[in-house]
Every structure is written in structure tokens, then in C-alpha cells.
Amino acid sequence: METLYLIFIDPFVQMAIEPAFLAEVLIGGLMSGVMYSLVALGFVLIFKASGIFNFAQGVFVLFAALNFVGLMDLGVHPILAFIITLGIMTALAFAVDRLVLRPLVNQNPIILFMATIGIAFFLEGFGESIWGGDVRPVRVGIPDTALFWETGFGEILVLSSDLFAGVIAAFLVTVLALFFHFTPVGRALRAVADDHQAALSVGIPLNNIWVIVWAVAGFVALVAGIMWGAKLGVQFALSTIALKALPVLILGGFTSIPGAIIGGLIVGAGEKLFENYWGLPLLGGATEEWFAYIVAMIFLFFRPQGLFGEKIIERV
Amino acid sequence: MTRPGNILLGVKDISLRFGGVRALTDVSFDIHEGEIFAIIGPNGAGKSSMLNCINGFYHPQEGTITFRGQQRRRMRPYEAAAQGISRTFQNIALFRGMTTLENVMTGRMLKMQASFVEQALYLGRGKREEVAHREKVEEVIDFLEIQSIRKTPVGRLPYGLQKRVELARALAAEPELLLLDEPMAGMNVEEKEDMCRFVLSTNHELGTTIALIEHDMGVVMDLSDRVVVLDYGKKLAEGTPDEIRGNQEVIDAYLGVSHD
Amino acid sequence: MLYREAGQFKTSYSADQAMLTITLDRWFVFGLTAFAIIGVPLLASEYIIGSILVPVLILSIAALGLNILTGYCGQLSLGTGAFMAAGAYLAYKIATNITWMPIWLVIPLAGLCAAAIGIAFGLPSLRIKGFYLAVATLAAQFFLLWLFVKVPWFVNNSISGVPPAPPRSIFGIQVTGAAAGNEAKYLFVLAFVIVLAWIARNMARSRIGRSWMAIRDMDIAAELVGIRPLPTKLSAFAISSFYCGVAGALWALCYINSVEPTAFDINRSFQVLFMIIVGGLGSVLGSFLGAAFIFLLPIVLNSAPGWFGYSIASDTITHIEFMLFGVLIIFFLIVEPHGLARLWQIAKEKLRLWPFPY
Chain A
1 METLYLIFID PFVQMAIEPA FLAEVLIGGL MSGVMYSLVA LGFVLIFKAS
51 GIFNFAQGVF VLFAALNFVG LMDLGVHPIL AFIITLGIMT ALAFAVDRLV
101 LRPLVNQNPI ILFMATIGIA FFLEGFGESI WGGDVRPVRV GIPDTALFWE
151 TGFGEILVLS SDLFAGVIAA FLVTVLALFF HFTPVGRALR AVADDHQAAL
201 SVGIPLNNIW VIVWAVAGFV ALVAGIMWGA KLGVQFALST IALKALPVLI
251 LGGFTSIPGA IIGGLIVGAG EKLFENYWGL PLLGGATEEW FAYIVAMIFL
301 FFRPQGLFGE KIIERV
Chain B
317 MTRPGNILLG VKDISLRFGG VRALTDVSFD IHEGEIFAII GPNGAGKSSM
367 LNCINGFYHP QEGTITFRGQ QRRRMRPYEA AAQGISRTFQ NIALFRGMTT
417 LENVMTGRML KMQASFVEQA LYLGRGKREE VAHREKVEEV IDFLEIQSIR
467 KTPVGRLPYG LQKRVELARA LAAEPELLLL DEPMAGMNVE EKEDMCRFVL
517 STNHELGTTI ALIEHDMGVV MDLSDRVVVL DYGKKLAEGT PDEIRGNQEV
567 IDAYLGVSHD
Chain C
577 MLYREAGQFK TSYSADQAML TITLDRWFVF GLTAFAIIGV PLLASEYIIG
627 SILVPVLILS IAALGLNILT GYCGQLSLGT GAFMAAGAYL AYKIATNITW
677 MPIWLVIPLA GLCAAAIGIA FGLPSLRIKG FYLAVATLAA QFFLLWLFVK
727 VPWFVNNSIS GVPPAPPRSI FGIQVTGAAA GNEAKYLFVL AFVIVLAWIA
777 RNMARSRIGR SWMAIRDMDI AAELVGIRPL PTKLSAFAIS SFYCGVAGAL
827 WALCYINSVE PTAFDINRSF QVLFMIIVGG LGSVLGSFLG AAFIFLLPIV
877 LNSAPGWFGY SIASDTITHI EFMLFGVLII FFLIVEPHGL ARLWQIAKEK
927 LRLWPFPY
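Protein chains in written order, with my numbering: chain A, 1 to 316; chain B, 317 to 576; chain C, 577 to 934.
Bear in mind the hints are in silico, worked out from the structure with no lab data behind them.
These figures come from a predicted structure and were not determined experimentally.
You may find that some hints are simply not true.
[As the list claims (entries may be wrong)] In silico lysine-lysine, DSBU-like type, Cα no more than 30 Å apart, as pairs:
{"#": "1", "chain 1": "B", "residue 1": "Lys-467", "chain 2": "B", "residue 2": "Lys-427"}
{"#": "2", "chain 1": "B", "residue 1": "Lys-467", "chain 2": "B", "residue 2": "Lys-443"}
{"#": "3", "chain 1": "B", "residue 1": "Lys-443", "chain 2": "C", "residue 2": "Lys-924"}
{"#": "4", "chain 1": "C", "residue 1": "Lys-726", "chain 2": "C", "residue 2": "Lys-669"}
{"#": "5", "chain 1": "C", "residue 1": "Lys-726", "chain 2": "A", "residue 2": "Lys-231"}
{"#": "6", "chain 1": "B", "residue 1": "Lys-508", "chain 2": "B", "residue 2": "Lys-467"}
{"#": "7", "chain 1": "B", "residue 1": "Lys-452", "chain 2": "B", "residue 2": "Lys-467"}
{"#": "8", "chain 1": "B", "residue 1": "Lys-508", "chain 2": "B", "residue 2": "Lys-550"}
{"#": "9", "chain 1": "B", "residue 1": "Lys-427", "chain 2": "B", "residue 2": "Lys-452"}
{"#": "10", "chain 1": "C", "residue 1": "Lys-924", "chain 2": "B", "residue 2": "Lys-467"}
{"#": "11", "chain 1": "C", "residue 1": "Lys-926", "chain 2": "B", "residue 2": "Lys-467"}
{"#": "12", "chain 1": "B", "residue 1": "Lys-328", "chain 2": "B", "residue 2": "Lys-550"}
I would like the entire structure built from these sequences, with the hints used as guidance.
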């Protein structure tokens, strides 16, 4: 009885008693959710266009951030560093396409997935051997002051960098949406996502499209990397935290851009709430390590296609 | 040459929809024991959907399917296999990473009973069964004349041979009803003749009832005892090849008809 | 011309289906096994036995396990470390609580517990395939490790949380724990390796192996020849987890001599995955070659500069190791998905014709 009370009633009582704390937990969760969303977004872009599940997306984030920070430490202006890094990510996309994807075309998706694990390991070692393995702070002038937001039920602490991150993410998603809907390249990308063969037959050059998609994913990775780096410093934990994009995609659906965003926010907020109200008091904490995966696994039983994904119909 | 036989499979008023698309509408026909039964029709007529209903891959919204006098409810494909229905596919569905022999051995899957421990230790029934079924499989391999490719991974075989291996796998299960989805598609004349020979001898020597889909009208008319014609998911006609040949509606469906 | 198959005619199907159909192969494997049992303990140094052969053999068992699931049944797993941990923690728990039970029984029993856990995390394979399944196995990886760390029951409330391996003996010779001799541990591990490898080969050539491969190659067609997908996949999960559980138990009791979570983290899962990719997906031999290769590579990398009189900072070596692993994975996937095992086979085929290739 006591246990049931602690599980089902007490957490909600706590939430009601201290709404300001609840709001802080939620905001903190949503902010880490934005990061998950951005990584997941890169996954979705590549998955939609080429059907490849790019395990290396997390390391892309790290690699992009490392390059950016490394260049800035050499005294390069942030904007120039951004552009150079973007160039490096495009070159990387090109290399991945030529050296890994093309030789493996028409292979089983699992083989391609494992190949991207190989890419992840290579890039991690490569990035570290060039820029070293220390934690590096990113200073791009994002203000990191604490704002106190006065509400009817108490003061809420919000970091301005968090707000900034949210704005950037929203901006990025809008840009991508516009890009997909109103540019020729965007239309081509959507055509490829729908049907490779048909896209080829109307004259869309598939090879270049793949490079473009991987480059766009690299761009998203760069933005994510800078924001993440500004918050926590560029460190190698980035690549493992990025594994969380997997459950995010399960929730949001592998083919949906809004799904990736909403899935990320749900996972971010959900794991913080669970940790603060159930994990810490009842389970000894550190539940953030597994919460997202277990939720995703349970979710798979009921909606394997995710919240926004398309239902997969199999044909014989 | 219609051979009278008991009804093996009865299809009654089958309707199948995918969302708003009607793939099949009120289709009925019977397949008799020992006959070669052809399902023909233009592309998109619902022929493959029909086979998919028969072996449990699709579940029609309306209608009943009776096999050996027993009406079946929603069943899974492996249950259909267990009841004695085997099939081949329009696009070859072999296990590409396995050898011809292993592929054909999977056809014996349902007839093997050794427990897990017996298999893991390869002792007693585990070993006896492997050898006994290997003998059966070799008979099928001889029958279809694919001895020389026994240990070749099927992914490396040419198309025509892959089709033959697929037929071997279906035959290894010793089915009562064999469903062939376009067994001759994409073959040259010689390969087609071979395949026709195999289909006929399967029917005559093993007494297997066969339902096949085929686009080559020459083949259909020569092989089959009876034919059903589908068009836009509806049954257009049913009868012996000669009856079908003379049927005006069928000719219209295939050649188009001018409405003037 | 010494190595050949010409003139070796099989007169029965049973002979044709034997595990090793070429006489010389058979003698080679028997000879190797005999050497491993008798020769190695007599000849090899303590270092080779204790620090190389024991871990390589144990990891081979884990690689065999993952190969059953991924190589044969086509279900990707990133949770190998967790299933190994399950074997390790439960072997500790059983060994310390049921003290009368002989250690050779404790380890398979721990494997069975791991198998049960494997089935639970394999259930989502009913609805999902391929890399979607990777999420379920990641859930196992993170959740199980968290569970073993947070619940002190698993380590008998040990204060450090990292209890030493209990010392146990067979025929009066200690085989587990820090005080056991390397030869004894080696032979104990080897016994498991021989039995489990033999069983894996048997499964691969029986009905169960064929049904796994059928599911891997084309699950829809598999269902249509009468294979039930769920029991087949779950059997692969169970048996794979059993192998991993046994490997984990041996790793904790016979190699690192303690039960600690860091030995089974996600890096372990990746390490074993790399072993089967490099060694050969769907190959028993490949599991051994891959385990040896991936385990030895960092050791060679670390000592190689010394041989040539250079010294390289250890973190640089780690970076090179990462890059090399990445390149090797991609290389093998592109050039030879059947891995080292296939290269070995090609070498044999060449040898068969040698010295007259025409």
C-alpha cells in the first residue's frame, strides 16, 4: 500500500505542491530534448533519403563540434570556422558516399548499419587524434546568464543559453522545412525519399542527392554540436549521449521530421521527470541511462511505426 | 481433359480490400483434386492477391476458404504450410545465403521432429532425421535435375535455375496443393519447356494438385485442365481452356473493347 | 597436393553431412584440439595462457553467441555486454548462495538465467526487425547494467559493489578466483569452448540452424515454408544469450577474478560485434578468428612501436586503435562479409590445387 502510494500518488502530490520546481525540471528536460531532437533530425534526413540508419550521426555531432572548436582555438573567427567546418562536413559526406555507401549499395540494411558503426569508430579516433581528447568549452558569445522568471506560483530559473538553444533549434527546423518544400533540391530529396527508382527515371541524379543529404545532415550535426558544446563543452561523452537518438526515433517515427523533434522533446522531458519524481526517491537514481530505451521498447509493441511514421505494408 | 475429383480447395465469395482499394470482389471457384488449375487475367487483376489469400498471407474481409472440406478462419502462412499448401513466388523468394541443398531442406522443415537437444548433440533422432530427409530431398533434386548445383549458394545461380530451386523447395514439402505464381516469367523458350515438363510430371507422377498464375497463354492453354479469369478483382469466366478461348468477355478484357 | 579432397568419395548421406568432410580437415581439428588440451599447458608461458589464451577463448564463446543471433538469425544485437553481465552476476549469486553446487554446473545455470533474460528482451522482435531491434538490445544493455549496479542483492550486499570471484575447485584443483593457476583456468575454459563450439556446429547443420538462416535471408518466405517466426527468433535470442551468459560468467570468475560492471559496458558489446564482423558472420570458425584478431590487435599496436624502438603516447595508440577498428569493419563489410573465416577457406581452396592450379 505504502509502495503503491509512493509510485502512483506521491509524485503527483509533489508536483502540485511545488509547481515551480516541476516547471524547472520540465524546462531542463525539454532543453536536453532539443539536443536529442537535433541529433535525431540528422538520422531522419539520411534515413528518409537513403534508407540507411546512420549510427555515426552522434559522432558527426562530436566531429563537427571538435573541428569548430579546434579552428576557433587557432584564432579563426567563429563565422569563418563555421564555414570551414561546413566544408569539412561536406567533404566527409562525399567521402562516406564514395568509400562506404557506393561499394555497399543494395546490401542488407543491417550490413549498412554496421558499416556506419565502423564510420563512427573511425571518426571518433580521427577527430581525437587531430584535436586531442580534452573537454573544450565553446565560446561563441552565447550569453549564459541565469534569468529568473516571475510567475504566479513562484520563481523559475531559466538559463539564457537554454532559451537561445531552443530558438536556434526552432529556426533550424523552419529552415529545413522551407528548404524541403520550396527549393528544387528539396523537392528532389523528397522524390528520392518516396521512390528511388521513380526519382532516377525522371532524371534526378541519385548519387549527388545522397552527398547532399549527408552534407545537410552534417550541417545539422554542426549546429547541434555547437549548441551542445556551448552547454557542456565538447567532449567525447557526446557520441554516447547521441545513442539516445535511437529511442527518440522509435517514438517519433523514422521518417518524420516533426516526429524527430517531438520525440526528442518527449524523451528529454520524460526522463528528467521520471528521474526526479520516481528515479531518485524510489530507484536509487541514474534512471536517465535507460529510461528512454525501455519506454521505446514498450512503445514498439503498440506502434512499431512510431507516432508520426508511415505504416509499413509488406508485399510478397 | 477434365479429371473429375473431389473438391480440394473451395473459394467462396472472397472480397479483399486494402483501405479503399478493392483487390478482390466476390470471387468464387473450386480447385479439384489432381487437376492443374490456372488463374489468368490482365495485370492488377488480383491474381497474386488470390494466392496470398489462399496461403494465409492476406486475410480477406469477406468470404470463406475451404481446404479438404474444412473451413478455415484467419490463419498464418505457416499454418497453411502445415496443412499441405506450398508455393513459389513471382519474384523469387529463396534464402540467398544458403546452398541449394539447404534451401530444399527447409521444405522438409515441418516433417522434422527431433528435439532441440537431439539437434544440438546431433545424436539419435537428430542425426537419423537429417539423413532420412536428405534422402527425400535428393529425390526431389534428381526429379528436377539440379544435382550439379547442390552445394552452390543460391544467390550465385542464374535466374532460371533459381526458379527451379524454388520449385524444389516447394515440392520437398510434399504438398497436396502447390501454388505457382508465374513459374515461367522471364524465362527463355527452352527454360519454359523444361519448367512445363516439371509442372506436368509433378502433376502426373506425384499426383499433386497445382494452381498456377501465368501470363503466357500458350503455356496456360496447354498445361491446365481448367482456367479461371479475373479482371479488376472480379471473376470473369471459368472453364476448360477451350471454353475460355471462345469467351467473348475474356477476349474483350484482354484486347480492350470499343464502346461505340 | 598434400591437402586434397579428390578421391575422397562419400558413399552415404550421413558421411556427406559429417561436420568435416575432408579427411585432412578432420585430422587437423582433432590434432589442434589435442594440442590445445595437452600441448599448450606444457609449452606456453604463464603470460600467454593467462593473459591471452584465456580471454580470447572466453570472448570466442561470446562471439559464438552473438554470431548465432546476428550471423545466423540476422537479428542485430548491441546488448552482448549486458547478457554477459547477467551470466557473471548470476553465476556469482548462485556460486555464493548454493555452495554445494559444483562450479561446472553453476556456469551453465547462470547461462540459462541469461537465456531467460535474453528471451524477455527478444520479445520485441515479434514486431520489429533489423536496426529497430538494436533499440531493444540497447535497452537491455543500459537497463540490466544499471540494475546489477543498483541492486545490492546481486553482489550479496558487498560494500565495494565489486566482490572478488569465489574460489571453487574441480577434483581438488582450484579453477576460479585469483588464487587459481592459469593452466587450471585455461583447461576449465577450454572444456566449455570445445563443448559449446561443437554444439554450435551441430545446430548450424540441423533444422534449427536452417530455420534461423531462413529467417535471416527472407522472413516472409520462411513463414511460407512453415517456419514460425517468433519461436525461431526467440530460440536464437535464448541460445545466443546462453552463450554470452556463460562467457560473462567465465570472464568474471576465471579472468578478471571479480564481478564488476565496467567489464560489461557498451564497449564490450561493440567489441564482440566487431569480432563477428571481422571473423565472419554466420561462421563458427570466424568467431574464434575474430575474437583472437580483435583482442590481439590493441596488444600488438601497443607493443609494436617498442619493437622498432619508437615510443608513442598511449592515447595516440587508442586513437589509432579506434580508427583501425573503424576501417577494418568497413573493409570487411565491403570486401569480405564472411570475414577471416572466408579468407581461410579461400586459402584452403588454393591449397587444394597447389602446386598445379590448372
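Outcome of the hint check:
no., hint, verdict
1, B:Lys-467 / B:Lys-427, "holds (22 Å)"
2, B:Lys-467 / B:Lys-443, "holds (20 Å)"
3, B:Lys-443 / C:Lys-924, "holds (28 Å)"
4, C:Lys-726 / C:Lys-669, "holds (15 Å)"
5, C:Lys-726 / A:Lys-231, "holds (29 Å)"
6, B:Lys-508 / B:Lys-467, "holds (24 Å)"
7, B:Lys-452 / B:Lys-467, "holds (16 Å)"
8, B:Lys-508 / B:Lys-550, "holds (29 Å)"
9, B:Lys-427 / B:Lys-452, "holds (11 Å)"
10, C:Lys-924 / B:Lys-467, "holds (17 Å)"
11, C:Lys-926 / B:Lys-467, "holds (18 Å)"
12, B:Lys-328 / B:Lys-550, "holds (12 Å)"
Checked against the numbered hints above, the structure violates none of them.
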